[in-house]
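**Q** Each chain, written out:
Protein chains: 2
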Amino acid sequence: MNSNRTPTIGVFDSGFGGLTVLRALIQRLPQARFAFLGDTARLPYGSKSRRTIARYAAQSAQFLVQEQGAEFLIIACNTASALALDAIQDAVPVPVLGVIEPGATAARAASRTGDVLVIATDATVQSHAYAAACRAHGLRALEKACPLLVPLVEEGWTDHPVTEQVIRIYLDELNAEAAAAGLNPDTLVLGCTHYPLLRPLIEAAVPSGIRVIDSAESTAETAQRQFGESFALSAAGLDIVEPEIHCFASDSVEKFERLGSRFLDRAVGKVKLVDLGG
Amino acid sequence: MNSNRTPTIGVFDSGFGGLTVLRALIQRLPQARFAFLGDTARLPYGSKSRRTIARYAAQSAQFLVQEQGAEFLIIACNTASALALDAIQDAVPVPVLGVIEPGATAARAASRTGDVLVIATDATVQSHAYAAACRAHGLRALEKACPLLVPLVEEGWTDHPVTEQVIRIYLDELNAEAAAAGLNPDTLVLGCTHYPLLRPLIEAAVPSGIRVIDSAESTAETAQRQFGESFALSAAGLDIVEPEIHCFASDSVEKFERLGSRFLDRAVGKVKLVDLGG
Numbered sequence: 012m013n014s015n016r017t018p019t020i021g022v023f024d025s026g027f028g029g030l031t032v033l034r035a036l037i038q039r040l041p042q043a044r045f046a047f048l049g050d051t052a053r054l055p056y057g058s059k060s061r062r063t064i065a066r067y068a069a070q071s072a073q074f075l076v077q078e079q080g081a082e083f084l085i086i087a088c089n090t091a092s093a094l095a096l097d098a099i100q101d102a103v104p105v106p107v108l109g110v111i112e113p114g115a116t117a118a119r120a121a122s123r124t125g126d127v128l129v130i131a132t133d134a135t136v137q138s139h140a141y142a143a144a145c146r147a148h149g150l151r152a153l154e155k156a157c158p159l160l161v162p163l164v165e166e167g168w169t170d171h172p173v174t175e176q177v178i179r180i181y182l183d184e185l186n187a188e189a190a191a192a193g194l195n196p197d198t199l200v201l202g203c204t205h206y207p208l209l210r211p212l213i214e215a216a217v218p219s220g221i222r223v224i225d226s227a228e229s230t231a232e233t234a235q236r237q238f239g240e241s242f243a244l245s246a247a248g249l250d251i252v253e254p255e256i257h258c259f260a261s262d263s264v265e266k267f268e269r270l271g272s273r274f275l276d277r278a279v280g281k282v283k284l285v286d287l288g289g
Numbered sequence: 012m013n014s015n016r017t018p019t020i021g022v023f024d025s026g027f028g029g030l031t032v033l034r035a036l037i038q039r040l041p042q043a044r045f046a047f048l049g050d051t052a053r054l055p056y057g058s059k060s061r062r063t064i065a066r067y068a069a070q071s072a073q074f075l076v077q078e079q080g081a082e083f084l085i086i087a088c089n090t091a092s093a094l095a096l097d098a099i100q101d102a103v104p105v106p107v108l109g110v111i112e113p114g115a116t117a118a119r120a121a122s123r124t125g126d127v128l129v130i131a132t133d134a135t136v137q138s139h140a141y142a143a144a145c146r147a148h149g150l151r152a153l154e155k156a157c158p159l160l161v162p163l164v165e166e167g168w169t170d171h172p173v174t175e176q177v178i179r180i181y182l183d184e185l186n187a188e189a190a191a192a193g194l195n196p197d198t199l200v201l202g203c204t205h206y207p208l209l210r211p212l213i214e215a216a217v218p219s220g221i222r223v224i225d226s227a228e229s230t231a232e233t234a235q236r237q238f239g240e241s242f243a244l245s246a247a248g249l250d251i252v253e254p255e256i257h258c259f260a261s262d263s264v265e266k267f268e269r270l271g272s273r274f275l276d277r278a279v280g281k282v283k284l285v286d287l288g289g
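Protein sequence lines, in the order shown, are assigned to chains A and B. 12 is the number of the first residue of the first sequence in the numbering used here; add one for each residue after it. 12 is the number of the first residue of the second sequence in the numbering used here; add one for each residue after it.
Hints in this document: simulated from the structure, not taken from any laboratory. A quick note: this is a predicted structure, and the numbers were derived from the prediction, not measured. Accuracy of the hints is not assured; some may be wrong.
Identical copies carry no separate label here, and so any pair may be met within one copy or between two of them.
Okay, derived cross-link-like pairs now, EDC-like style, lysine to aspartate or glutamate, Cα gap no bigger than 16 Å in a straight line [stated by the list, open to error]: (1) K281 <-> E188; (2) K155 <-> E166; (3) K266 <-> E214; (4) K266 <-> E82; (5) K155 <-> E232; (6) K266 <-> E78; (7) K283 <-> E265; (8) K266 <-> D97; (9) K281 <-> E184; (10) K283 <-> E175; (11) K281 <-> E166; (12) K266 <-> D183; (13) K266 <-> D133; (14) K283 <-> D197; (15) K283 <-> D170; (16) K283 <-> E188; (17) K266 <-> E240; (18) K266 <-> E253; (19) K155 <-> D126; (20) K283 <-> E255; (21) K281 <-> D126; (22) K283 <-> E228.
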């Protein structure tokens, strides 16, 4: 279905939070064709089991590769990256990049003490994927599930006193746990693609000296390093053009169109409804 | 699969909030065999489209009737009752009872002014099923979506200052809208099976003179009236026994077992995992 010769990057999320990753990708690879799929019929993944998430994510990845001709796949969903990266890699014959490893790389670059905090969904935390990825980089990581933050973002309360309080409650608990564990954290990883929209409130709530990082930017950087060459030729001699973005959702396309621009920071355009068979 | 001669009542919800309805049913029909299914792999229904909800609900209803031998079906989910009652009735050959009509009946009995308020999920409100059911009873209803309440209950914050504030914000908005519309409401319907767990906070937040009702009790009463005769014979001569309850979930059975007892007010026992093919 990809009629031109520009390679397609498939970007997948359970909802549209992953548009924050797409936003970072567009800045680094503006000449690519992007196909973004939000599996909105079955979100949120964050409260589901590994088995179910793996099945849903594999179906979604197959849609992007088989139907949209994606030659590279970015899993712009921390939960799916944490629990289903292997299942996705098994399901499609193209390179697959998740957001966990780039997040751990960014934490490694940011931290001097070697102790980092991670906030994420229930399922991501229970997988301990961030702790494992951080450990591989010589970091100690303490993870905390913050299940109310995604609903607060989706309610549009991104700058609301209630959200501020909820963030403070979660971060106070996390800091107390870090102190009890003898950690000296200087970095907080936003381990969910919804959380960048809460970045101002989160930065106001963290103790001074703690740097907040999200994995979107780091993922885009890794993608540019891994896939960027494929775009060098097709981009040669071209002026900077508007990126080609195609958005798909398994449900609620109106909501996607309405809320998606907040995450993407530009209009998402017409979102097409797809049936993933769930 | 129903080996004894006691008729089985199938009870269905997208999650386990519907256990509040099961609790009311057990009190009225303790001699029944109950099969409860929570479609936890695909929850929440409240943010999804009618088409998707209808498909999921029909599959769930078929499981209860075909696999569990349910002879009566209670849709203990406001969203599925609001958007998919017809689809469920078409999908199974047994009587089906939703929670919307009993909720409207209870509102009719409670209200003297004829003006009622309804709080529910996004999808239930957008369907305007409560407004239509209330209108049929000669009531005027004003509905409001409260999307943060389900996540707050699931976080366990049923008696928390943040939840208290969120409830006040939603109810203040609703009361302002009612005043602007020239309504004089004296009844508030809890149009979501999670909300009875917030009843103390909600009752503290409503203006005096407004009565809070939930449809669980009213649904159980209607079920007793409609199906009760079927149990008269099998119960004759029997002492009151522990009700026979079988719980099924399409995902996260551990979470169901852990949180379900809050809703059911007794242990839910072993929850069996089922694949609804989604």
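**Q** Would you mind marking each hint as holding or not holding in the structure?
**A** Here's how the hints hold up against the structure:
{"no.": "1", "hint": "K281 <-> E188", "verdict": "neither (45 Å within a copy, 33 Å between copies)"}
{"no.": "2", "hint": "K155 <-> E166", "verdict": "between (22 Å within a copy, 13 Å between copies)"}
{"no.": "3", "hint": "K266 <-> E214", "verdict": "neither (28 Å within a copy, 32 Å between copies)"}
{"no.": "4", "hint": "K266 <-> E82", "verdict": "neither (28 Å within a copy, 38 Å between copies)"}
{"no.": "5", "hint": "K155 <-> E232", "verdict": "neither (26 Å within a copy, 43 Å between copies)"}
{"no.": "6", "hint": "K266 <-> E78", "verdict": "neither (23 Å within a copy, 36 Å between copies)"}
{"no.": "7", "hint": "K283 <-> E265", "verdict": "within (10 Å within a copy, 36 Å between copies)"}
{"no.": "8", "hint": "K266 <-> D97", "verdict": "neither (30 Å within a copy, 25 Å between copies)"}
{"no.": "9", "hint": "K281 <-> E184", "verdict": "neither (41 Å within a copy, 32 Å between copies)"}
{"no.": "10", "hint": "K283 <-> E175", "verdict": "neither (35 Å within a copy, 39 Å between copies)"}
{"no.": "11", "hint": "K281 <-> E166", "verdict": "neither (22 Å within a copy, 35 Å between copies)"}
{"no.": "12", "hint": "K266 <-> D183", "verdict": "neither (33 Å within a copy, 25 Å between copies)"}
{"no.": "13", "hint": "K266 <-> D133", "verdict": "between (24 Å within a copy, 11 Å between copies)"}
{"no.": "14", "hint": "K283 <-> D197", "verdict": "neither (42 Å within a copy, 44 Å between copies)"}
{"no.": "15", "hint": "K283 <-> D170", "verdict": "neither (30 Å within a copy, 41 Å between copies)"}
{"no.": "16", "hint": "K283 <-> E188", "verdict": "neither (44 Å within a copy, 35 Å between copies)"}
{"no.": "17", "hint": "K266 <-> E240", "verdict": "neither (35 Å within a copy, 46 Å between copies)"}
{"no.": "18", "hint": "K266 <-> E253", "verdict": "neither (24 Å within a copy, 46 Å between copies)"}
{"no.": "19", "hint": "K155 <-> D126", "verdict": "within (14 Å within a copy, 45 Å between copies)"}
{"no.": "20", "hint": "K283 <-> E255", "verdict": "within (15 Å within a copy, 46 Å between copies)"}
{"no.": "21", "hint": "K281 <-> D126", "verdict": "neither (43 Å within a copy, 40 Å between copies)"}
{"no.": "22", "hint": "K283 <-> E228", "verdict": "neither (26 Å within a copy, 42 Å between copies)"}
The earlier numbered hints that this structure contradicts are 1, 3, 4, 5, 6, 8, 9, 10, 11, 12, 14, 15, 16, 17, 18, 21 and 22.
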